[in-house]
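Residue numbers (the working numbering), protein chains in the order written: chain A, 5 to 119; chain B, 5 to 118.
Note that these hints are calculated values from the structure, not bench results.
In this text the structure is predicted, and so the values were computed from the model without any measurement.
Glycine included, C-beta positions come from ideal geometry on N, C-alpha and C.
A few of these clues could be false.
Here are the simulated lysine to aspartate or glutamate pairs, EDC-like style, with alpha carbons at most 20 Å apart [as the list claims (entries may be wrong)]:
id	chain 1	residue 1	chain 2	residue 2
1	B	Lys45	B	Glu26
2	B	Lys45	A	Asp34
3	B	Lys18	B	Asp92
4	B	Lys68	B	Asp92
5	A	Lys45	B	Glu26
6	A	Lys7	A	Asp34
7	B	Lys70	B	Glu26
8	A	Lys7	A	Asp70
9	A	Lys60	B	Glu26
10	A	Lys21	A	Asp70
11	B	Lys68	B	Glu106
12	B	Lys45	A	Asp70
13	A	Lys7	B	Glu56
14	B	Lys45	A	Asp42
15	B	Lys45	B	Glu106
16	A	Lys72	A	Asp34
17	B	Lys59	B	Glu91
18	B	Lys24	B	Glu106
19	A	Lys45	B	Glu56
20	A	Lys45	A	Asp86
21	A	Lys60	A	Asp34
Pair ranges (Cβ atoms, derived) [claimed, not checked]:
id	chain 1	residue 1	chain 2	residue 2	range
22	B	Glu56	A	Thr32	23 to 33 Å
23	B	Glu91	A	Glu9	40 to 50 Å
24	B	Ala6	A	Met66	20 to 30 Å
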Amino acid sequence: ELKVEQNPLFLSMQEGKNYTIYCNYSTTSDRLYWYRQDPGKSLESLFVLLSNGAVKQEGRLMASLDTKARLSTLHITAAVHDLSATYFCAVDGDAGGTSYGKLTFGQGTILTVHP
Amino acid sequence: GAVVSQHPSWVICKSGTSVKIECRSLDFQATTMFWYRQFPKQSLMLMATSNEGSKATYEQGVEKDKFLINHASLTLSTLTVTSAHPEDSSFYICSAWTGLTEAFFGQGTRLTVV
């Protein structure tokens with residue numbers, strides 16, 4: 005069974021600070037996604053990471069993927085209030101890593117940014 | 005990115021009735037669509053994989069007779085919650101696989117059974 009674990013599950017940050025969310029997974033998949041979800045809304049795609057060593061940045065967010073360590077990180081730089089949301093990582097494929105599009109999600113990290 | 009439209013956005017139904025949710029890929033053909041369920045303050049859990057022209061594949065613990073999935077065309081999959089009960093109240097989200105690098109998500113459907 006594929007397992008995806010995020011930590012922390014809750015993150016309270018001050019504006020201007022930096023922090024990292026970690027996503028560990030148990031299979032050999034090389035496709036990992038990060039999403040943002042606002043209350044009552046569906047998922048917004050943030051990053052698509054498709055190979056070992058992939059690094060992508062958008063604004064104050066940067067995501068990386070280490071398939072050998074089965075680890076992805078989402079780094080937040082100089083947080084602002086608008087980043088408050090729930091962030092999910094998701095791994096593509098089943099335990100055998102062959103069913104593309106079929107996502108297993110982490111538990112989600114609830115991020116709150118305070119003034 | 006590709007657009008996936010889900011309808012309705014929210015629905016309230018009486019216990020014992022059935023509700024149909026539609027998921028459409030608007031600008032691409034999706035041979036595979038996925039249905040997820042999300043309870044409040046929880047993550048998304050895959051319910052089933054829907055393949056065009058064939059029977060859906062359900063995840064362990066999901067009742068196939070209760071959650072009927074039909075994928076009649078390359079742009080439309082439907083999820084029917086039959087004989088709904090309050091415990092079926094949840095946020096249902098579909099995604100459509102482009103066959104390339106990612107699946108795109110619909111807006112979600114908030115189902116409340118009273």
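Cross-check of the supplied hints:
Between the alpha carbons of lysine 45(B) and glutamate 26(B) the distance comes to roughly 24 Å, so the proposed pair goes past 20 Å and is violated. For the suggested pair lysine 45(B) and aspartate 34(A), the alpha carbons sit about 28 Å apart, so the restraint of at most 20 Å is broken. Distance hint between lysine 18(B) and aspartate 92(B) is fulfilled; the C-alpha atoms sit about 11 Å from each other, no more than 20 Å. Our distance criterion of 20 Å between C-alpha atoms is met by lysine 68(B) and aspartate 92(B), whose separation comes to about 14 Å.
Straight-line distance between C-alpha atoms of lysine 45(A) and glutamate 26(B) comes to about 17 Å, which keeps the hinted pair within the 20 Å bound. For the hint linking lysine 7(A) to aspartate 34(A), the alpha-carbon distance of about 14 Å falls within 20 Å, and the restraint holds. Note on lysine 70(B) and glutamate 26(B): the hinted pairing holds, with a Cα-Cα distance of about 16 Å set against a maximum of 20 Å. About 16 Å separates the Cα atoms of lysine 7(A) and aspartate 70(A), which keeps this hinted pair within 20 Å; it holds.
The straight-line distance between the Cα atoms of lysine 60(A) and glutamate 26(B) is roughly 33 Å, outside the 20 Å bound, and the hint therefore fails. Restraint check: the Cα-Cα separation between lysine 21(A) and aspartate 70(A) comes to about 24 Å, which exceeds 20 Å; the hinted pair is violated. Proposed proximity of lysine 68(B) and glutamate 106(B) is contradicted: the alpha carbons are some 26 Å apart, above 20 Å. Proposed proximity of lysine 45(B) and aspartate 70(A) is contradicted: the alpha carbons are some 28 Å apart, above 20 Å.
A threshold of 20 Å between alpha carbons decides the hint, and for lysine 7(A) with glutamate 56(B) the separation of about 28 Å lies outside it, so the pair is violated. Distance hint between lysine 45(B) and aspartate 42(A) is fulfilled; the C-alpha atoms sit about 11 Å from each other, no more than 20 Å. Using a Cα cut-off of 20 Å, the hinted pair lysine 45(B) and glutamate 106(B) is violated, with the two alpha carbons roughly 25 Å apart. Pair hint lysine 72(A) plus aspartate 34(A) holds up; C-alpha atoms about 9 Å apart against a cutoff of 20 Å.
With a C-alpha separation of about 25 Å, the suggested pairing of lysine 59(B) with glutamate 91(B) is violated against the 20 Å cut-off. Restraint check for lysine 24(B) and glutamate 106(B): the C-alpha separation of about 26 Å exceeds 20 Å, so the hint is violated. Under the criterion of a C-alpha separation no larger than 20 Å, the hint pairing lysine 45(A) with glutamate 56(B) is inconsistent with the structure, at around 27 Å. Under the criterion of a C-alpha separation no larger than 20 Å, the hint pairing lysine 45(A) with aspartate 86(A) is consistent with the structure, at around 15 Å.
Proposed proximity of lysine 60(A) and aspartate 34(A) is supported: the alpha carbons are some 15 Å apart, at most 20 Å. Taken as a hint, the range 23 to 33 Å holds for the pair glutamate 56(B) and threonine 32(A), whose Cβ atoms sit roughly 28 Å apart. Between glutamate 91(B) and glutamate 9(A) the beta carbon distance is about 27 Å. The supplied range of 40 to 50 Å is therefore violated. Evaluation of the 20 to 30 Å hint for alanine 6(B) and methionine 66(A) yields a pass: the beta carbon distance comes to about 24 Å.
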